[in-house]
Structure formats: C-alpha cells, structure tokens
Amino acid sequence: MLLTSLLLIPFLGTLALLLWPGNPTPSRLRQITIGILAVQLAFSLATALAFDPAQVGLQLREQHSWLPGIGLDYALGVDGLSLPLVLINGALTLVSAVITRDISQRPRLYFAMLLLISGAVNGAFLADNLLLFFLFYELELIPLWLLISVWGGVNRAYAATKFLIFTAASGMLILGAFLGLALLTGQVDFSLTPVLSDRLAMGGQLWLLGALLIGFGIKIPLVPLHNWLPDAHTQASTPVSVLLAGVLLKLGTYGLLRFGLQLFPEAWERLAPALAIWAAVSVLYGSLAAIAQTDMKRMVAYSSVGHMGYVLLAAAANTPVSLLGAVFQMVSHGLISALLFLLVGIVYRKTGTRDLEVLRGLLNPERGLPLTGSLMTVAVMASAGLPGMAGFISEFLVFRGSITAFPLATLLSMVGSGLTAVYFLLLVNRAFFGRLAITPPSGDAVADARLDVQLAPVAPRETIPALALAAGVVLIGVWPHSLGRISEVATTALATLTTGSGGLG
Amino acid sequence: MPIIPADLVHANLSIDQEEVKRRLLASETLLTDSADHLLEVVGILESYGEVLDAYSINLIYQAEHQFLNPIPIFKYLDGDLSLGKIWRHLNHDRINFEYAEYCQKAMFWHATGGMDAYLDSEAFAENCRRIIAAKRRRDPLLAVLAPLFPGFLPELIRSAATTHALGQFWRVMSDLFLDLAAAERDGRVRDIPGVVAFIKDGLVAAAANPIHYGVTIGGEHFWVLPPEAGLTFLVDVAVPYVEAVFLRGMPFLGTVSFNAQAQQISPDQARFTYGALYADPLPSMGAGIPPSLLMQDMYRHLPPKLHQWYLQRTRGEGDVRVKICMSFQKSMFCVTNAAINGTMPHPLNSSDPAAQAANGAHAQAWAERLGIARTDCLAA
Amino acid sequence: MSDALPLPLQLIWLVPLYGFSGMLLSLPWATGWIKLNGPRPAAYLNLLVTLLAVLHGSLVIREIYALGPQHLDFPWFQAADLNLRIGFDLSLTNLAALELVTTMSLVCQVFALGYLDKEWSLARFYALVGFFEGAMAGVVLSSNLFMSYFLLEMLTLSTYLLVGFWYAQPLVVTAARDAFLTKRVGDVLLLMGVVTLSAWAGSMEFTDLYAWAGTARENQLISPLAGTLLGLGLIAGPMGKCAQFPMHLWLDEAMEGPNPASILRNSVVVTCGAIVLMKLMPVVALSPLATTVLLAVGTISALGGGLVAIAQVDLKRAFSYSTTSYLGLVFIAIALQKPGIALLLLFAHGLARALQFMSVGSIIATTNCQDLTELGGLGTRMPATAVAFLVGSAGLVGLLPLGGFWCYGLLVENLREVAPAIALIFLVTNSLAAANVTRVYRSVFLGPATPKTKRAPEVNWLMALPMVSLAVIVLLVPAIMQRIDPVPGIASFSLPVGLAVVASGLVGVLAGSLAPSDAFWSRSRRPTLRLLQDLLAYDFYTPEIYRRTIVRPVASLARLTRWFDITVVKGMVDGLGRLSLATAEGLRLTVSGQLQTYVLTVVLAVVVLLGSLQVLRGVS
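Chains as they are written, first to last, in the numbering used here: chain A, 9 to 513; chain B, 7 to 386; chain C, 95 to 714.
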C-alpha cells in the first residue's frame, strides 16, 4: 500500500482542494497543498526506508487487474531506477508549492494542478505496466499545460500550445510504440517484459525503438526536438519551471532507460553509436546555444538541453558505471536546475528583468541580492561539474562509464561540460559582479553610476528552499554513496541485460 | 530590447558647477533645506561625533603611548588591559580604529598644508635627531635600524605627528557635532542653514587653536610639533584633512584597479577624486570599501530617532548602512559648505567689486571641484 | 593495519579538513548573519585551525621519520568496477610540501590581517583562504589521481572566488572569469586524461597507475596516438595550474585579486600543480611526444616569462611572470626526469617568491601604487620591506648562496652533459630573473622619492612581522634543503658550474642596474625598441591571440547555433504549427477558461485509445 499511497495522497489532495468548502484564501490553499506534499514526501522517504537496495528487480509491488480486456493492469513497483526520481518528485513539488506566491488568479485550480502533476509523475515512475505508464504520462501533461497557459507570462498561449503539440506528439509516438509492440508480439498484457522484443525481427525492433526515442526525445528534450522547452520555461512561472526542469524532463530519460533500453536491448545496442553521437550533438548544441542567450531563464533552459544529453550518452554506452551515472545525472540535474530556476526566479521577482545585458552587481551586500548571488555561484559551479557538488560525480560516472565505448562522443560531451562553465560564468559575472545597477546597454558610465537601484529585500523564507536544494547538491557531491547505494543494483542489472557492450569497459 | 522596470531607476539629480557657485554666492546651502535632511544630518553627525570621540582618544593614545613601538599589539585598547576589554576586542565588538588610521594615512600620504611643510623643515629634523638619540639608548632594535635606514624613524615620527594632529582635530569636531545635536534638541538649530552656520561658527571659533605634540621618553619630554612651529587648527590641519579625506581620498581596492597597465589611477594625486564627497554610497559594506568601517561604527551609535527613520525607508534594517552613508555624504557637504563659507575672503553682502570678485573666485574654485562630486544627494 | 599507527597518522584525514572547517567557521560573519560585531573573529578562528594543521603536520613528520613512509586510505565511492578512494601518501617529501602549504597559509593569514585591516569582507576572505588551504593540503598528500583531480578543481574554484573577491571592481569582473576559464581548459583536458586512465587502468592509485604504465609500455596496450593524447591531457592540468605558456594568462589577471591571495598563488598553488605533474610523470612518460611538449612548454615559459617580466611596469605582474618563468624551469627539470631537484627548486622558489610578494604587498599598502614608474626612494624608510625584497630576490636568483643558487647549480651540473642547451637556458633564465629584480629594486627602493612615495612609513607590525620571519626562513632554506635531500647534498656541483651560475646572475644584475628606467607612462622613441617593448609588455599579445583563436570562434559558433535555433528549428516548428492552426486555435480557446473543451478532447482520446485496443485484441 506504500506505493499506492504515493498516488492516493496527491490525487485525493487534488480532489480535496477542488471540493474544499467555502472560499479559502490563496495562502490557505497554499498551506493545505504544502501540508499534503509534505505528507507525500514523508511517504516517499518511508518508501526509501522500506526499499532494499540489495534486491534486484521491482520491489514493494502491488498488482491488481483493472481492465484485463485491454491489458491495463494496476501494477506498481519500485526499483533503484525509479526510487531516486520518486524522491526528487516529492522534494521538488514541495519546493514549488513553497515558492509559489501571489497566486490571485484561480488559486484553487493552480494548487490542485500541482498536486495532480505530482501524483501523475509518481504514477509514471512507479508503473509496472506500459499502458499504466502511458496514462500517467499523459495525465501529467494536462495540468502542466494549464499551469503554463493560465499562470504564464505574456506569450503563454504560444508557449503552452507549442508545449501541448510537442508533448502530444511525444505521447502518440510512445503509445504507438507500445501498441506496436503488443501488436507485433501478440502479447497484449502490456507488462514490462525485457525478452519480449526477442520475438521481433531487428527491423521491427528498430522501428518501435525509433518511435520511443523520438517520443521520449521530445520530452527530454534532445536536439532538434527541444524547441518547445525554452519557450515553455520563459513563459512558465518559477515554480512551474522548477517542476518542469527538475521533474518532468526526467520522465523522458526515465522512459528511455526503462522502456527503450530495457524493452529493446538488441536494437538499442545497434543504435547505440548513433545515440552517442546524438547525445554529443545535444550537449554541444545546448551549451553553445546557451552561450548566446541574454535571458537568464533561457540560458538555464538551454543548459538543460545540454545536460540531459549526458543521460543519453550514458544510456547509449550502457555500462554499469554509465547507467549509474545516468541516474546520478537525472537526480543532480533535477536538483541543480531546480535551484537555478528558483534563483533566477528570485532575481526576476526582485528586479523585474532577467536580461543579462542590463543586470549588474547583484552581489551588493546591502542593496543587492547577496545570498541569492552566493547560492547562484554554488549552483552554476555545481552545474559546471565542480567537485564537491552533485554535478561532478554524475558527470564523472557518465564519462567514465562511456569513454571506452564511445571515446569521441564522450570527449565531445566533456567539451560541453567545459562550455557550461563559459555561459554560467558569463551569467554570474555579468549579473552579480560589478557595481549594482540596472543599466541601459548604451548608457554612458557616469550617468549609469547615478542610477539608484532599489530592490525589495529577499526574505529568509524565500531562500530557504534554495538553501535546502543547495544542501542536497553538496550532500550528493561529498557523499555520493547516499544515492549510489540505492541505484547501483538496478543499474548494474539493467546494463547486464544486454550482452557485450558492458564488457568493453 | 532589455526591459528596465521604471520604478527601479531614479533620475540623475546632480547639479552642475554653475549651480554650486550660485548657491555659494547667494548664501544658500548646498544641501536643500528640508525636515528630513535636518534629521539625517544632525542625527548622523551626532553618531559621527560619538565615533570621532573614540577615534580621537585612540589616535592621541597611539601617538603618545605607542610611539615607535615596533609591535603595538594593544594599540586599540587605550591602555585598558582588562579581560572584558580584550574579549570585546577579540570578538570585534568595538570601534573600528582601523578607519581612523586610514584617514590618518590619507592625510599623511597626500602631504598638503602647513603641517606637512613643517615635517620637512630643518627644525623638525632636529627634533627627530634628539628623539632618535634618546630612543636608541633604550631600544637595541632601533639602535641597529636607525643608522642602516636613516629615513626609517623620521618617517615614523612624521606619521605619529599626523596621527596626533588628526586626533586633536577630531577632538574639536567631535565636540562640535555633539553640541550641534544638543543645539538641535534645544531648538537653537532648526534648519539646514542653521546647521551650516553652527558648524561654520564652530570652525571659525577653533580656527586659531594651536596644534602641538610632544612625547615622553624615559621621563624626558621631547617636542615633535613644538608650539613655536605655530601650527593652527584650521589652516594646518582642517584644510589638509578636507583636501585628503573629503576631496582626494585614496582609490578603493574594491572599485578601482591598481593595475599599472590599465592606468585607472592618475599619477597626479591632486587630481584624485576618491574622497567622501565623490564616493558612491551604494557599494558600502562591500569588499574593498574602507569607509564601510566608519558606516559600521556609526551604525552602532545611531540616535534612536534617526534609526527609526531609516527603518521606515527602502529595506529598513537591511540596507541601513547604505542609508547611513548617504546621510553621511549629505552631512559632509554641509561641513564642506561651512568650511567654504568660513574661508570666504569677504562678507557675501559686500558691495565692493573687488571683494565680490575675490568671493567669486573662491566660490568658483570650489565649484570646479564640487561640480563633479556626488551632488545628486543634495536634492530633497 | 592502520590500528597500529600512532594517532596523528590515523587522523591524517583531518589535515585538509582544518582548512575546510575554517571556511565553515567563517560563515556566520561572511554571510552577514552577525551584523553588529565586526568580522575579525572569523580571521582568528582561521588562524587557529591553520595553526592546528601546522602542528598536526609536524607531529606526523616526526612519526614518519621514525616509521618510514606510510599509506592510508578510506573508501569514498564504489560502484561496479569503479572504486574511488580517499588516499594519503605520507612520505617525507609530501609532508614537507604539506608543511610548506600550511606554514605559508599561516604566515599569509597573519599578513592579511595587516594588509586587509580596513576590509569589511574579511570573513569571506578568510573563508576562501581556508578553502584554498584545505584543497592544497589535500593535493600534496593525495595518493590517487582522482582525489588530486577533485582537489585541483576545488583550487580552480577558490582561485576564481579569491580573484573575484573585490567583485565590484570592473577589471575583476573579467579577470576572475578569465582566470577560471583558462584553468578550466586545463582541467577539462586533465579530466579527459583522468577518465580515460581510470577506464584503462582501473585503479586510480598512483602506484597502480605506475604499474599499469609499465605493463602498457611492455605489452603495447595502447596505441602511440592514444598514449600521446593521454599524456597531453594529463600535462594540460598542471600547465594551467602552473601558469605555463600558453595557459599563463590567468596569473596576470589574477593579480587583480588581494595581495595575500597572490602570495599563496605564486608560491604554493603553482607548487601544488607541479607536484601533481611530478606524480603523473611516470604515466606521461608513456608518450615521448608529451615529454617533449613538456620540455618545450617549460623552455618557452622560462625564457618568455623571464622576458615578459622585464617589460612589465606593474609591480605585481613583474613578478607573476617571473613565477611563470621559474615554474618553466621546474617543468624542464620534471621533463628531464629530475624530480628530486625539481622539488628542491619548488621549495626554494615557493618560500622566496612568497617573501617577494609580501614585500610587494607592503609597498602597495604604503604607496597605493603598483606602477614602477611612479615609485622610488623607499629603501631608506622601509627596512622590513626592503630586507624582505632583497632576501626574497636573493633566494630566487642564482648569485648569493641562498636557495636559488644551489638549485641552479644542481640543475646545471646535472644537465650540462646530457643537454647543454638546456643548461644554458637555465643560466639565461637566471640572468633574466636577476635583471628583473635589479631593475625593480632600482625603481622602487632607490632614487629620489616621487609624489606617491613622499610619505612612506614602514607597514604595520602584522605585515612586518611575517615578512621578517619569512626572511629568516628564506635565509635558512639551504640548510633545510640539505636536510630534505641529504644525498648527494645541495653542493654537489663543480666549481666552474658554481662560477657560471654566479656569472649569469652578475650579468643580470649588471644589466638591470645599467638599463635606463622608464618614466611616467612613456615609451621609447626608437620604433624597433618600442615594438619589442610593447610585444613584451603586452605579453606577446597573448590576450589578443586568445581572443582570435578561442573566444571569437566559440562566440561565433554560439551565435551560429542561436541563429540556427531561431531560424531553422523554430522556423520549422512554427511552420508545422501553422499547418495545424485549427488545432492550435481550438486548444487556445480553452486557455480562456473553457476547460470543458479540453476534458472533451481527453475523453475523446481515451475512447479512441480503448477502441483501438479492442481492435488490437481482436486481431491477436
């Protein structure tokens, strides 16, 4: 019942919010949501405690026949691949509820949608049935689309529509692949059976895997399927960006590992070299595009494109170390990008702009945002893979696991890691160093110096979530064992599904 | 196109040279007269007076009791070696005397005015010779170093002389600022012109005060700055102080590059504009901004009324020290204003054309320097 | 096994933690949490933990004298075939390096109390120095490549943060960025080497790596190309750390940071980089080409750095380029398999250079000026500073019998047979260094006082005392060197070699005293001389070369990507979007609140799904 509770808590919470009697204030609704999400996080942690890291395969399984006619079972289970992601989901949805402020427009719907997303994501990570996964995968889409299109920025309609079209296509491709697998193998119980694809000819396998790759590739997103992401991020509010980058993109990489790699090991091996190159292209493209951005949020969004490329590289290499690296990268990207978006959100709320051409000197101790700036430095350094923080160990595992299989792609990805430092240093040095100012780019220096900037102070409660995330980033960085012990068995098992490619390492 | 929220930026309120000159000759105050300004200036000068009191006592203590001490570990304790005082010192629960030394250094380094000229005189060299001879008899380290580095001890003695003179100067200023606060409480000073006039009167009254300094070595008294040197408060100490600290200042490591190839610092000290009237208050408490120490000291001595006033503005307690710096700059304009008025060659209402011309030249000289200062703080 | 070891050895893992704990202890003041009191307690706490580190280190040295070298390690992270450990190699050389690091850190921290006496962000400075010290202490003790890399990158980070200390100063903004990126280039290349080596050799322990390198050489496990790439990757990191051409620029830029940090950077940070290189050398030696590159880099750095140093008008930069030059000599010695002498040179250089930089700091503190052309006449008035400058310089240059002289003697003696040309390079570098210090001494300490040095009292005791103490240590360096490396002894070179070193030093001193000195912001009238002067003063135009070869291509590539992203990718998407305009419009309607439409869409989708599944089931 532990896993079901991870679904029931947010879903019942959604209902409770929608049906809450009277006319509760937004802050009351926020408190209720935070309460529910805290309970959910507690149950996620309980799941982690109940979880036996040494055991291979799914654990804490729950299985009930639901619609046997179409092969839809209510089957849940958790393993070392999904547990970290469930924990990240629990933590980050709580964070995004905490950092939500000033929701005056339809607050009831807003918080209900947050809870719905959280439940759907839990469901997708825990589903032990292809159709069930798909249902949750689609279920998460609706609330997110609403969150962007109702509470987004000026161009929200455009961004939300684009998001919807892309993600709907992603869903169609994934569903198509699942149906195709069932159709071609004749086994319609939609269980996660790795040997299933053996019954298919390589051509069929490649087609189905290709559909999954593009489907999940949109979600991750991989170049050139990434176009929806920067727009979605720039239009979404900060809490939604935190969720989107921290949790929802992981559905794509999780799907890639769980359904791409696990269901089609042979075809995967065939495609792996191309996937590695694709990963390197994604990494470099994302990093280079990020360098050219002047909107902080867009820059972070493109960095996401680059950093999710590492996961594809690790999946392509498919060695025990690289797959463990993939899990690490998912978790650390979740924490780091959430932290980055959160901090950019604070800057935006205080200054009204995210433009790197006008922001200067925010480190100013009295009038600027010094703590935000310090945390931003921590976050960008973590993202650039500086040791002592989560990014480094993740990247190290990915690279170490992939180098012998795909030396060139790995080395190119490392260049991308170097480029991360370039754009994030541009961000920190431009916006946080120098004299505090919001300067018109063409203004002369003397006049600029007289522009007297007055920013609202950052309350401690605004930075507490950021501090917590930063603490998580450092914790994994100095004590990677905390995460490694959860996932190692699962990733090793996953890597040994296929023969051969793991042995190169 | 970047978006700059309109409510975040304020217009540039600086005034130009012509306006400075006009205000000076029309006997208007540079600082706009307003109730807020009065509260700020009087309040900040009161806390400044408290701080200067401590600075002055310490500088005089250092010059008299730590004279040529090679390792003056307890130089900030004013001779009080109780455990409580040492603990407060270690916990940095104290006045930042480092800033007093910084001002002394600025004054000494810029080397202007009558006292500085005396430090290069033969009479002063003779004083030094006698002091060094007495010191060498007691201190073996100095006995070795003095002949090897002939400039070493005279330079330290010059520095000590400046230290003592600055201590004497601040003694007067501290009393004056505390009196000002009392006068405002009594209702004797009601507006900014009143403040400027009060300070001017104080400066004029102290103008001829003698400045002298002597040390005692082994029970024997030696003059460093003897009375016969004829040094006086206003021209020999106050004017160089204003020149060195209000106007020229020294470049801050936190805002100016010392890199020789970048050539950001003028080779001519007379062209420096790093002083209190030119400084940017915004980076206060940031890295490499020495006046932060003074802002902290004043913060710890804020009159409650002014503190309340700060709490109601911008970030309240969060940026209080920047606000202190802004008020401080305003009050320093008032002090400068008083000094300019006090040194005006003729009465402003004189109808004699020659007197008017002399006054005009005096005002013009100051306007040229203040026209590029941070006059944006003067508006209401 | 470690149970039997004495307690100080068992607790060796504490040594890097002293520095890191200093950082944590500073946080209440650095973050402004303590607002009413000043930041000095953070400084005192850091001094205390650094003192503990020094004492702990000396206890360990005593034990190691008795017990011989020890190795300790602790598991850190283990997964599949990857085993990352925290390992300490407790040999006398490593511990000597540790004592150098911690002692220098201690001395510097005392110096900083004086130099930064009016600095309100003192706590942040000390937090960073603590971080710096912890990372360096770990690097010199590290017994495995992974930990060394880990800590080297932390050094890069703390360099960035220390250079960026005065973050509001306009040149710092770019300097900190460039310092980080230059080092980062080296780090990424090193990471490539580390990752590859980890995959090939399995273990990351240096001893295992040496064994693997031996096997690889014998059995030709890796291709020559792979070996060369590996070697080049491995030397790139130390090249960056030691500010070697062409990655030397950061050290120049880093001079924008506070002087006490410059002291550490020019003495011990570069030493850490060189020590890591030394530890890597047996693996680098797999590739003859990498060794040759190392030699070439060292040679270019030694001569180029020496020449560029002479053309600098900035006091700090005149010596930072000299650091590049000396580390070039160390690189040459390492490339030619003379690690013992390289260590001695590092040791002598580290102490003497630190002393030199301290005296530079006190000059800046007194005169507010770094421009050599604006200084002069300080010699008679600043005894501690002048003595520190002279002793520091004498400790570097091969002329008087201090550290530098004996190192030059040993190196020339060892190389004159095998590589006479290299021996000559050493002598020329010595001349250049001697000329540099002499000309700087002339313009700073001799001659008449200038406006900016007219009033120049000696610095306060917190700066003077560390300078004098370090000067005494530098004078004792030959004796310490003799103890570190008693066989064959520091004087094991012939008289002619000694005379040659002295002669090269004398030539430099003469050249430095006779060359005309510059006036304020002026340049020579002779075009050829001016060209040469500018070429050297602007560091062979390296910044410009960087701009053209790296910065501009990356920027153009980034712009191209952006253009592609907007025009091609987004254009295509928008085109597709227009095709399905009806859908988009239909969906957009719901934005205005018509949730029902959406629910209807979803219901429809579910129906279609269920229907198709039924069909599917029928088929199977």
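These are computed hints drawn from the structure, not numbers from a lab.
Take these hints with a grain of salt, some might be off.
Stated by the list, open to error - With a Cα cut of at most 20 Å, we get these calculated EDC-like pairs of lysine to aspartate or glutamate:
(1) K664(C) with D303(A)
(2) K91(B) with E128(B)
(3) K311(B) with D42(B)
(4) K358(A) with D197(A)
(5) K358(A) with D110(A)
(6) K129(C) with D274(B)
(7) K81(B) with E70(B)
(8) K548(C) with E128(B)
(9) K311(B) with D126(B)
(10) K81(B) with D59(B)
(11) K27(B) with D42(B)
(12) K311(B) with D192(B)
(13) K548(C) with D382(B)
(14) K432(C) with E511(C)
(15) K548(C) with D122(B)
(16) K432(C) with E507(C)
(17) K129(C) with E323(B)
(18) K311(B) with D39(B)
(19) K141(B) with E70(B)
(20) K358(A) with D42(B)
(21) K27(B) with D274(B)
(22) K129(C) with D382(B)
(23) K548(C) with D39(B)
(24) K81(B) with D145(B)
(25) K81(B) with D99(B)
(26) K206(B) with E34(B)
(27) K206(B) with D181(B)
As the list claims (entries may be wrong) - Across the chosen pairs, the derived CB separations fall in these ranges:
(28) P169(C) with M9(A): 53 to 63 Å
(29) E70(B) with L569(C): 31 to 41 Å
(30) L494(C) with P468(A): 53 to 63 Å
(31) P468(A) with L145(C): 43 to 53 Å
(32) P495(C) with E70(B): 21 to 31 Å
(33) Q63(A) with I578(C): 26 to 36 Å
Claimed, not checked - Covered stretches of chain B (in silico footprint by chain C; criterion: 3 or more residues with CB under 8 Å from a CB of chain C, positions within the stretch not fixed):
(34) 32 to 39
(35) 335 to 344
C-beta atoms are modelled at their ideal positions from N, C-alpha and C, and glycine is treated no differently.
The hints, checked one at a time:
{"no.": "1", "hint": "K664(C) with D303(A)", "in the structure": "holds, 17 Å"}
{"no.": "2", "hint": "K91(B) with E128(B)", "in the structure": "violated, 42 Å"}
{"no.": "3", "hint": "K311(B) with D42(B)", "in the structure": "holds, 11 Å"}
{"no.": "4", "hint": "K358(A) with D197(A)", "in the structure": "violated, 53 Å"}
{"no.": "5", "hint": "K358(A) with D110(A)", "in the structure": "holds, 14 Å"}
{"no.": "6", "hint": "K129(C) with D274(B)", "in the structure": "violated, 38 Å"}
{"no.": "7", "hint": "K81(B) with E70(B)", "in the structure": "holds, 11 Å"}
{"no.": "8", "hint": "K548(C) with E128(B)", "in the structure": "holds, 17 Å"}
{"no.": "9", "hint": "K311(B) with D126(B)", "in the structure": "violated, 47 Å"}
{"no.": "10", "hint": "K81(B) with D59(B)", "in the structure": "holds, 16 Å"}
{"no.": "11", "hint": "K27(B) with D42(B)", "in the structure": "violated, 24 Å"}
{"no.": "12", "hint": "K311(B) with D192(B)", "in the structure": "holds, 15 Å"}
{"no.": "13", "hint": "K548(C) with D382(B)", "in the structure": "violated, 35 Å"}
{"no.": "14", "hint": "K432(C) with E511(C)", "in the structure": "holds, 14 Å"}
{"no.": "15", "hint": "K548(C) with D122(B)", "in the structure": "holds, 11 Å"}
{"no.": "16", "hint": "K432(C) with E507(C)", "in the structure": "holds, 12 Å"}
{"no.": "17", "hint": "K129(C) with E323(B)", "in the structure": "holds, 10 Å"}
{"no.": "18", "hint": "K311(B) with D39(B)", "in the structure": "holds, 19 Å"}
{"no.": "19", "hint": "K141(B) with E70(B)", "in the structure": "holds, 14 Å"}
{"no.": "20", "hint": "K358(A) with D42(B)", "in the structure": "violated, 27 Å"}
{"no.": "21", "hint": "K27(B) with D274(B)", "in the structure": "violated, 26 Å"}
{"no.": "22", "hint": "K129(C) with D382(B)", "in the structure": "violated, 29 Å"}
{"no.": "23", "hint": "K548(C) with D39(B)", "in the structure": "violated, 42 Å"}
{"no.": "24", "hint": "K81(B) with D145(B)", "in the structure": "holds, 19 Å"}
{"no.": "25", "hint": "K81(B) with D99(B)", "in the structure": "holds, 16 Å"}
{"no.": "26", "hint": "K206(B) with E34(B)", "in the structure": "holds, 14 Å"}
{"no.": "27", "hint": "K206(B) with D181(B)", "in the structure": "holds, 14 Å"}
{"no.": "28", "hint": "P169(C) with M9(A): 53 to 63 Å", "in the structure": "violated, 37 Å"}
{"no.": "29", "hint": "E70(B) with L569(C): 31 to 41 Å", "in the structure": "holds, 37 Å"}
{"no.": "30", "hint": "L494(C) with P468(A): 53 to 63 Å", "in the structure": "holds, 59 Å"}
{"no.": "31", "hint": "P468(A) with L145(C): 43 to 53 Å", "in the structure": "violated, 35 Å"}
{"no.": "32", "hint": "P495(C) with E70(B): 21 to 31 Å", "in the structure": "violated, 46 Å"}
{"no.": "33", "hint": "Q63(A) with I578(C): 26 to 36 Å", "in the structure": "violated, 55 Å"}
{"no.": "34", "hint": "32 to 39", "in the structure": "violated (count 0)"}
{"no.": "35", "hint": "335 to 344", "in the structure": "violated (count 0)"}
Hints 2, 4, 6, 9, 11, 13, 20, 21, 22, 23, 28, 31, 32, 33, 34, 35 from the list above are not met by this structure, while the remaining hints are.
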